[in-house]
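4 protein chains.
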Amino acid sequence: MNDPLVIAGKSFQSRLFLGTGKFGNHQEMEAAIVASGSELVTMALKRIDFNDKEEDDILRYLNHDHINLLPNTSGARTADEAIFAARLAREALQTNWLKLEIHPDPRYLMPDAIETLKAAEQLVKEGFVVLPYIHADPVLCKRLEAVGVAAVMPLGAPIGSNKGLRTLDFLEIIIEQSNVPVVVDAGIGAPSHAAAALEMGADAVLVNTAIAVAQDSVQMATAFKIAVEAGRMAYNAKLGAVQQRAVASSPLTEFLMVNGE
Amino acid sequence: MNDPLVIAGKSFQSRLFLGTGKFGNHQEMEAAIVASGSELVTMALKRIDFNDKEEDDILRYLNHDHINLLPNTSGARTADEAIFAARLAREALQTNWLKLEIHPDPRYLMPDAIETLKAAEQLVKEGFVVLPYIHADPVLCKRLEAVGVAAVMPLGAPIGSNKGLRTLDFLEIIIEQSNVPVVVDAGIGAPSHAAAALEMGADAVLVNTAIAVAQDSVQMATAFKIAVEAGRMAYNAKLGAVQQRAVASSPLTEFLMVNGE
Amino acid sequence: MNDPLVIAGKSFQSRLFLGTGKFGNHQEMEAAIVASGSELVTMALKRIDFNDKEEDDILRYLNHDHINLLPNTSGARTADEAIFAARLAREALQTNWLKLEIHPDPRYLMPDAIETLKAAEQLVKEGFVVLPYIHADPVLCKRLEAVGVAAVMPLGAPIGSNKGLRTLDFLEIIIEQSNVPVVVDAGIGAPSHAAAALEMGADAVLVNTAIAVAQDSVQMATAFKIAVEAGRMAYNAKLGAVQQRAVASSPLTEFLMVNGE
Amino acid sequence: MNDPLVIAGKSFQSRLFLGTGKFGNHQEMEAAIVASGSELVTMALKRIDFNDKEEDDILRYLNHDHINLLPNTSGARTADEAIFAARLAREALQTNWLKLEIHPDPRYLMPDAIETLKAAEQLVKEGFVVLPYIHADPVLCKRLEAVGVAAVMPLGAPIGSNKGLRTLDFLEIIIEQSNVPVVVDAGIGAPSHAAAALEMGADAVLVNTAIAVAQDSVQMATAFKIAVEAGRMAYNAKLGAVQQRAVASSPLTEFLMVNGE
Numbered sequence: 673m674n675d676p677l678v679i680a681g682k683s684f685q686s687r688l689f690l691g692t693g694k695f696g697n698h699q700e701m702e703a704a705i706v707a708s709g710s711e712l713v714t715m716a717l718k719r720i721d722f723n724d725k726e727e728d729d730i731l732r733y734l735n736h737d738h739i740n741l742l743p744n745t746s747g748a749r750t751a752d753e754a755i756f757a758a759r760l761a762r763e764a765l766q767t768n769w770l771k772l773e774i775h776p777d778p779r780y781l782m783p784d785a786i787e788t789l790k791a792a793e794q795l796v797k798e799g800f801v802v803l804p805y806i807h808a809d810p811v812l813c814k815r816l817e818a819v820g821v822a823a824v825m826p827l828g829a830p831i832g833s834n835k836g837l838r839t840l841d842f843l844e845i846i847i848e849q850s851n852v853p854v855v856v857d858a859g860i861g862a863p864s865h866a867a868a869a870l871e872m873g874a875d876a877v878l879v880n881t882a883i884a885v886a887q888d889s890v891q892m893a894t895a896f897k898i899a900v901e902a903g904r905m906a907y908n909a910k911l912g913a914v915q916q917r918a919v920a921s922s923p924l925t926e927f928l929m930v931n932g933e
Numbered sequence: 673m674n675d676p677l678v679i680a681g682k683s684f685q686s687r688l689f690l691g692t693g694k695f696g697n698h699q700e701m702e703a704a705i706v707a708s709g710s711e712l713v714t715m716a717l718k719r720i721d722f723n724d725k726e727e728d729d730i731l732r733y734l735n736h737d738h739i740n741l742l743p744n745t746s747g748a749r750t751a752d753e754a755i756f757a758a759r760l761a762r763e764a765l766q767t768n769w770l771k772l773e774i775h776p777d778p779r780y781l782m783p784d785a786i787e788t789l790k791a792a793e794q795l796v797k798e799g800f801v802v803l804p805y806i807h808a809d810p811v812l813c814k815r816l817e818a819v820g821v822a823a824v825m826p827l828g829a830p831i832g833s834n835k836g837l838r839t840l841d842f843l844e845i846i847i848e849q850s851n852v853p854v855v856v857d858a859g860i861g862a863p864s865h866a867a868a869a870l871e872m873g874a875d876a877v878l879v880n881t882a883i884a885v886a887q888d889s890v891q892m893a894t895a896f897k898i899a900v901e902a903g904r905m906a907y908n909a910k911l912g913a914v915q916q917r918a919v920a921s922s923p924l925t926e927f928l929m930v931n932g933e
Numbered sequence: 673m674n675d676p677l678v679i680a681g682k683s684f685q686s687r688l689f690l691g692t693g694k695f696g697n698h699q700e701m702e703a704a705i706v707a708s709g710s711e712l713v714t715m716a717l718k719r720i721d722f723n724d725k726e727e728d729d730i731l732r733y734l735n736h737d738h739i740n741l742l743p744n745t746s747g748a749r750t751a752d753e754a755i756f757a758a759r760l761a762r763e764a765l766q767t768n769w770l771k772l773e774i775h776p777d778p779r780y781l782m783p784d785a786i787e788t789l790k791a792a793e794q795l796v797k798e799g800f801v802v803l804p805y806i807h808a809d810p811v812l813c814k815r816l817e818a819v820g821v822a823a824v825m826p827l828g829a830p831i832g833s834n835k836g837l838r839t840l841d842f843l844e845i846i847i848e849q850s851n852v853p854v855v856v857d858a859g860i861g862a863p864s865h866a867a868a869a870l871e872m873g874a875d876a877v878l879v880n881t882a883i884a885v886a887q888d889s890v891q892m893a894t895a896f897k898i899a900v901e902a903g904r905m906a907y908n909a910k911l912g913a914v915q916q917r918a919v920a921s922s923p924l925t926e927f928l929m930v931n932g933e
Numbered sequence: 673m674n675d676p677l678v679i680a681g682k683s684f685q686s687r688l689f690l691g692t693g694k695f696g697n698h699q700e701m702e703a704a705i706v707a708s709g710s711e712l713v714t715m716a717l718k719r720i721d722f723n724d725k726e727e728d729d730i731l732r733y734l735n736h737d738h739i740n741l742l743p744n745t746s747g748a749r750t751a752d753e754a755i756f757a758a759r760l761a762r763e764a765l766q767t768n769w770l771k772l773e774i775h776p777d778p779r780y781l782m783p784d785a786i787e788t789l790k791a792a793e794q795l796v797k798e799g800f801v802v803l804p805y806i807h808a809d810p811v812l813c814k815r816l817e818a819v820g821v822a823a824v825m826p827l828g829a830p831i832g833s834n835k836g837l838r839t840l841d842f843l844e845i846i847i848e849q850s851n852v853p854v855v856v857d858a859g860i861g862a863p864s865h866a867a868a869a870l871e872m873g874a875d876a877v878l879v880n881t882a883i884a885v886a887q888d889s890v891q892m893a894t895a896f897k898i899a900v901e902a903g904r905m906a907y908n909a910k911l912g913a914v915q916q917r918a919v920a921s922s923p924l925t926e927f928l929m930v931n932g933e
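As you go down the protein sequences, you meet chains C, X, V and S in turn. Each residue of the first sequence is one higher than the last, beginning at 673 in this note's numbering. Each residue of the second sequence is one higher than the last, beginning at 673 in this note's numbering. Each residue of the third sequence is one higher than the last, beginning at 673 in this note's numbering. Each residue of the fourth sequence is one higher than the last, beginning at 673 in this note's numbering.
Because the hints were derived from the structure by calculation, they are not lab data. One thing to keep in mind: the hints can contain errors.
A pair counts as met if it fits within one copy or between any two copies, since identical chains are not told apart.
Claimed, not checked - When the alpha-carbon atoms are kept at most 30 Å apart in a straight line, the in silico DSS-like pairs for lysine-lysine are as follows:
1. LYS790 - LYS814
2. LYS797 - LYS835
3. LYS694 - LYS797
4. LYS790 - LYS910
5. LYS814 - LYS694
6. LYS814 - LYS797
7. LYS682 - LYS910
8. LYS694 - LYS910
With the sequences and hints as input, model every part of the structure.
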């Protein structure tokens, strides 16, 4: 079945985006990313080595034809910092795609609605393809859509928490109202969480911690890959409703009386 | 990876068991079962046509080499009824495998602990391979194990409810303590629920309603197939722990100061 | 409002039952029990000092006119042990009320359905007022009712876990079907959990750990007292249904146009 | 115990705020508000009859010494509308207290972070005591605090949904970080939800639908009153931690051997 995800005119076969943090080393990261089938991989601008392209440069490990880079502004605390970082990233990586992250609080890395909208508006004007990481705030999502972001990336739970879809009630509203793809970001801690996001109609998920800290990250990446496919398939096949009670079943007695002799 | 499920000495590649009720028709049921990759399929004894093997006989549609039949005693209200039905099923279907279901209440189809243990004990003595459907009751699971059942099948939620793993806290204990395979039965309403059961260490799941009532039951069966594989894979790859807060991240400022000039 | 709970013909104004374990000392226990307003207090038979009524005897601290003793068989692993203990308790404490607990597993203290039913049947015949602690198993509850127990005490979550009403879906069925009072026992870790149990129609709750291990157990006992009253009141006042979306509201614009000039 | 809630220098004995919408009639509303013990009651500006103080004016029913009015800007879709409405309200009701609500979407009444912050900043400058209704967004809460709001009012669930504390994970962070009172607003559908909010450290809750649509709204108001007290009391008394397993108990056997002879 051909059911691509399209963001800003670009088609993706995989609905699983990956982050690059917290892996044991670059080799392991590369193997997990390849196993995941992901075509969009995000990395913090601050992890890029601008001075010399030495052995240890993360970009060497992401150099695959099917992998598109999605630089992010992780660590930015204001719109200005994020915009500055975005421009640097565009120049360095030759891509105008950007995961916009602004989180003034270093403890929970919660996104800042105000600064994110401000930065998004400016960056869209500058020709960036902007995918903002935000709270699961339905009104904010519509505002970001209005200024021209390519997708919205509401969080499922606090980043790194592995708690799953704690913002379910709000994701439902966001998905119902959005005219741009909805990518659930942050909090997805297991393949079942990723499947659930797709089942409810999210267009994609971004996963990092759950894969990076797994005992076997390559196998975990594969598990996420197929869980995302399962979730999307179930979405297309349409699940039945949750029921409050079982459908009554006929008792066995009569059958036994007829056939038991 | 070779990671078979073994029940009573028999190996299964698939950890997804299917029920046969509620499908639109037998052709659709057959197609979904084949798509699911399931090797163990349960059907109610009362649905078997003993008098003549006519066109409409459900068994004609389950006649595949890789599919093993698991007759069940659905509709039985007492141990005696279930035992009687089991003997009939063994004779008719030439299998000693049995899904033991005893539910006196026709509304919620909740299993009866007392009668189920009594019937299980007798049927094991008669040489049956008994897989009892039960409440997620850790002590009852150990008792059934003690009388020789081949696996335990605790429910995840009320049958037909599609509510998922509502008995999570008890399934955890059952899985930790069990020496026979644990198959989560009833309540699994989405591929994400099936994946979650496998992730937490359940050995298999039995699904019926969620596939049978989906708009596209064949595609839904495929979704369950791969979700179960994803869940098992994640279990083997070992998920990280749920965290209460994010790991602190370094701010972008210093990086921007160094590289931004 | 007069809305007593009646068990075995005896009326209770309070729907909060208390356990006596885990308190720092007997004085603190007594103060908390008095503050809770509880009229039914359970204590393990094994904690009673049969040999001499010395200073430290727990019973001295429970000697209040409004407090009824409910000896329990905690620690019993079989019906026989429980029956033996029950007879001892009746003789020692001069009460035929009994909280029947049988849990072969010392780690999770999960109740044993089979032995509990067997013991209940015998003890009812011997004239005991039996309140069995059981899994939230709807069929077992009906069976216990059939042999004449005075109330059923399904667990809300594993004992001592403070997790709250994890068995919600099954408690709903039990409450709907029961002809004897339903007392939610085990797992209630906060006044909000107790209120929720009463709101959904449970007749009472039994609390122990949450009060005993609180930093200020007397104040916590008071909190539970009034939370239980709140829950019962809400049950009688009938809550509205959970809604999937807000009711639309009229915009302010027209009002501002009319009144703003 | 003297444990008042202080907002903008004003002390409240009650931590339950009430809304005035959806009641059957004004008499019923008044009776419920009085029963609730609430000292802060919000009403939409648009419901006030500016032209003549006739029989039906809602304000006649709120005229009690202990009740403080908290006009709200419900229906406002922009900061400008809200500011305009706020000024009207101040003039009409002779209070500078204001519940700031801006929700461009009439279906879910979700709050708008951007416009709310903008309006809050302006209204604080104009001398209003601003209590903004917002998403459970920790960063936004800190920003509002920085511009001088008197309290923050994050939502627990979609307004009118009665779903309870669905934003729990974010409320925890907000409560931990806030230097102004945190009032959980929207979604609280039962006394147990209100108790849970207070237990986790919220300073107060605002309830409307759950009381207004109850079959007996006066009794429900009383239930909320005492549930809120219970929740606060439990917060002060400090609950124990949620446990993964029971504490092991000693078996009864030895005791029976010693005492049973």
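How the hints compare with the structure:
no.: 1; hint: LYS790 - LYS814; result: both (14 Å within a copy, 18 Å between copies)
no.: 2; hint: LYS797 - LYS835; result: neither (36 Å within a copy, 40 Å between copies)
no.: 3; hint: LYS694 - LYS797; result: neither (33 Å within a copy, 45 Å between copies)
no.: 4; hint: LYS790 - LYS910; result: neither (38 Å within a copy, 40 Å between copies)
no.: 5; hint: LYS814 - LYS694; result: between (32 Å within a copy, 29 Å between copies)
no.: 6; hint: LYS814 - LYS797; result: both (18 Å within a copy, 29 Å between copies)
no.: 7; hint: LYS682 - LYS910; result: within (26 Å within a copy, 34 Å between copies)
no.: 8; hint: LYS694 - LYS910; result: between (36 Å within a copy, 16 Å between copies)
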